[in-house]
Amino acid sequence: MSDRHWPSIPAMFFDRARDFGARPLFWAKHAHSWRPVSWAETEAQVRELARGLIGLGLEPGERVVILADSRPEWAVADLAAMTIGAISVPAYTTSTTEDYLHVLGNCGAAGLIVSTTALARKVLPAVAQVSSLKFVISMESLTLQSAVPIHLWDAVLAMGRTRDDDIGARVAALKPDDTACLIHTSGTGGLPKGAMLSHRGILANCRGAHEVLKGFGLGQEVFLSFLPLSHAYEHTAGFIFPLTIGAEIYFSTGAENLGAEMAEVRPTIMTAVPRLYEMLHRRITQGVERKGGLTAKLFSMTLELGLKRLDGKTLGPIGALKNLIGDTMVRGKMRQRFGGRLKAFVSGGGPLNVEIGRFFLALGVNVLQGYGQTESSPVISVNPPGRIRIETVGPPVAEVEVKLAEDGEILVSGPVVMKGYWNDAEATARTIKDGWLHTGDVGVIDPDGYIRITDRKRDFIKTTGGEMVAPQRVEGFLTLQPGVAQAMVYGDRRNYIVALVVPDEALIKQDAAEQRKHIGAAVDAANRMLSPLERIRRFAVIDEPFTIDNNRMTPTLKIRRVQITKDYAEVLEGLYKST
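Sequential numbering of the sequence shown, starting at 794, is according to my numbering.
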């Protein structure tokens, strides 16, 4: 794709549809079997829906919110909205009615496309309070009342087939710097803001991804899409980028089915956030512990030898032989666990714990840690194949320039930078200065251009002694320990660090005394790897996990520090009282 510079995402899509025609594009599961939708079928549906949207009165520049689980229709809706010059606004299926009211009202939505009755029940009360809405399109029949006319998906497609609007002219009228989509930030620090991402920015990101991944020898690639398409990372890296290279995309039915689906789909590339790798690490290590015996010894030997190789150490003749056995008996099974042809996991959306990254690399699973933000379309950097430095997030991708401010903040420039926040000139001015995106992340850049993130600028804990502590580093060591599922450390303007700890599923079934004993041992083990300043002095065991449903985790699976601190204010305060 590197020799093609399409002016817009729809121009790219229709060009690729002409290239690939009857080849499968999307796969979705129906009644326990995967069914394909071809490029030609998808193109026809995009044209039909685009004409249907015109028939419903949607104008260029107006916003249409997409609230749906990941499925082929989601992609059709996104492409159709862009095709007629409207702006696609993805929304998270896990949000609340209040969240939907903010998104619909903030962008002044003219239309809403919703997939299920369950989602419609959550969003329609918000629809009644947004005067800009002209229509709602539902992918399934609804018996619910709405303040705005509801049209069935199939009926809108049928209407589109009766119209003769010149779709080619609409696509030709699109400009590279037009806003393609409005993707809202995850809201870790307050209300989500809508980042205006251009066609130019997203396609530049795709070219950058292509330059990195062609190191694997890109061919007929297969993606298993697991993250929500409303996530900027998945929207670009797991949807638009695969379109540019003619890949097939399977839509996962959920985290609980992911293991089985990887064996069925046999993906070649997969994007995911660090939380997935943490869960996989825990499942693998617990499974090995349960089997014990020779299995555990072989696994431990293979892991140890793999880590030695990562560190550039010589294995020697006996070590090399043992490592060969490990390749067959352990790494081979690990590859089969992920389908047998996985070229790489690409990790983004948050910092990957270094030890977890090393764990997978030592077991022969390529993990390319990357870095980005919604505001940068979103990829900024990624580790290239064959030159992985897992403690970093790699060098900048093509067409992205990175430098550090005096205080170490990472600044980004290039076509990938958003046009600004929707209807928020003040926040835009704070974030983009002289063409440079101020990421809010602090890091260092080594002589080879690899970036290492140290922490979020606003997340630093400043103790009463004036020392700065990076909470994500401390949490990373803690969540590596057996028995610890999640953790949040705290200590801003305090004289020492404390932690809230969520036990894992096995430990949470034990009584309180047993839980505290195991978590205490985990804290001690983590502290041995931390500097005196970073060590956790006291902790509290929390019996309720941090989840999206209880608003303690964002839809992108990052913990909401402000919300957790508010919910556990008394507990945290108690950790600073003398006993």
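In short, the hints are calculated from the structure, not lab data. Possibly wrong hints are sitting among the right ones.
Think about it this way: if two alpha-carbon atoms lie no more than 30 Å apart in a straight line, the pair counts; the simulated DSBU-like pairs of lysine-lysine are [to be verified]:
(1) Lys-1090 - Lys-1106
(2) Lys-1212 - Lys-927
(3) Lys-1370 - Lys-1255
(4) Lys-1196 - Lys-1212
(5) Lys-1090 - Lys-1126
(6) Lys-1136 - Lys-822
(7) Lys-968 - Lys-1007
(8) Lys-1090 - Lys-1115
(9) Lys-1310 - Lys-1370
(10) Lys-1370 - Lys-1351
(11) Lys-1106 - Lys-1007
(12) Lys-1310 - Lys-1250
(13) Lys-1115 - Lys-1126
(14) Lys-1101 - Lys-1007
(15) Lys-1136 - Lys-1351
(16) Lys-1084 - Lys-1302
(17) Lys-822 - Lys-1351
(18) Lys-1084 - Lys-1126
(19) Lys-968 - Lys-1196
(20) Lys-1255 - Lys-1351
(21) Lys-1106 - Lys-1136
(22) Lys-1126 - Lys-1101
(23) Lys-1302 - Lys-1090
(24) Lys-1359 - Lys-1250
(25) Lys-1136 - Lys-1115
(26) Lys-1007 - Lys-1126
(27) Lys-1090 - Lys-1136
(28) Lys-1255 - Lys-1196
(29) Lys-1302 - Lys-1351
(30) Lys-915 - Lys-822
(31) Lys-915 - Lys-968
(32) Lys-1226 - Lys-968
(33) Lys-1226 - Lys-1250
(34) Lys-1359 - Lys-1255
(35) Lys-1090 - Lys-822
(36) Lys-1359 - Lys-1370
(37) Lys-1351 - Lys-1212
(38) Lys-1090 - Lys-1101
(39) Lys-1115 - Lys-1084
(40) Lys-1007 - Lys-915
Structure-based check of all given hints:
no.	hint	verdict
1	Lys-1090 - Lys-1106	21 Å, holds
2	Lys-1212 - Lys-927	26 Å, holds
3	Lys-1370 - Lys-1255	19 Å, holds
4	Lys-1196 - Lys-1212	20 Å, holds
5	Lys-1090 - Lys-1126	15 Å, holds
6	Lys-1136 - Lys-822	24 Å, holds
7	Lys-968 - Lys-1007	28 Å, holds
8	Lys-1090 - Lys-1115	12 Å, holds
9	Lys-1310 - Lys-1370	21 Å, holds
10	Lys-1370 - Lys-1351	29 Å, holds
11	Lys-1106 - Lys-1007	29 Å, holds
12	Lys-1310 - Lys-1250	34 Å, violated
13	Lys-1115 - Lys-1126	16 Å, holds
14	Lys-1101 - Lys-1007	28 Å, holds
15	Lys-1136 - Lys-1351	26 Å, holds
16	Lys-1084 - Lys-1302	21 Å, holds
17	Lys-822 - Lys-1351	28 Å, holds
18	Lys-1084 - Lys-1126	15 Å, holds
19	Lys-968 - Lys-1196	29 Å, holds
20	Lys-1255 - Lys-1351	21 Å, holds
21	Lys-1106 - Lys-1136	25 Å, holds
22	Lys-1126 - Lys-1101	20 Å, holds
23	Lys-1302 - Lys-1090	28 Å, holds
24	Lys-1359 - Lys-1250	20 Å, holds
25	Lys-1136 - Lys-1115	24 Å, holds
26	Lys-1007 - Lys-1126	26 Å, holds
27	Lys-1090 - Lys-1136	27 Å, holds
28	Lys-1255 - Lys-1196	25 Å, holds
29	Lys-1302 - Lys-1351	25 Å, holds
30	Lys-915 - Lys-822	25 Å, holds
31	Lys-915 - Lys-968	35 Å, violated
32	Lys-1226 - Lys-968	24 Å, holds
33	Lys-1226 - Lys-1250	17 Å, holds
34	Lys-1359 - Lys-1255	18 Å, holds
35	Lys-1090 - Lys-822	39 Å, violated
36	Lys-1359 - Lys-1370	18 Å, holds
37	Lys-1351 - Lys-1212	25 Å, holds
38	Lys-1090 - Lys-1101	17 Å, holds
39	Lys-1115 - Lys-1084	20 Å, holds
40	Lys-1007 - Lys-915	42 Å, violated
In this structure, the hints that do not hold are numbers 12, 31, 35, 40, in rising order.
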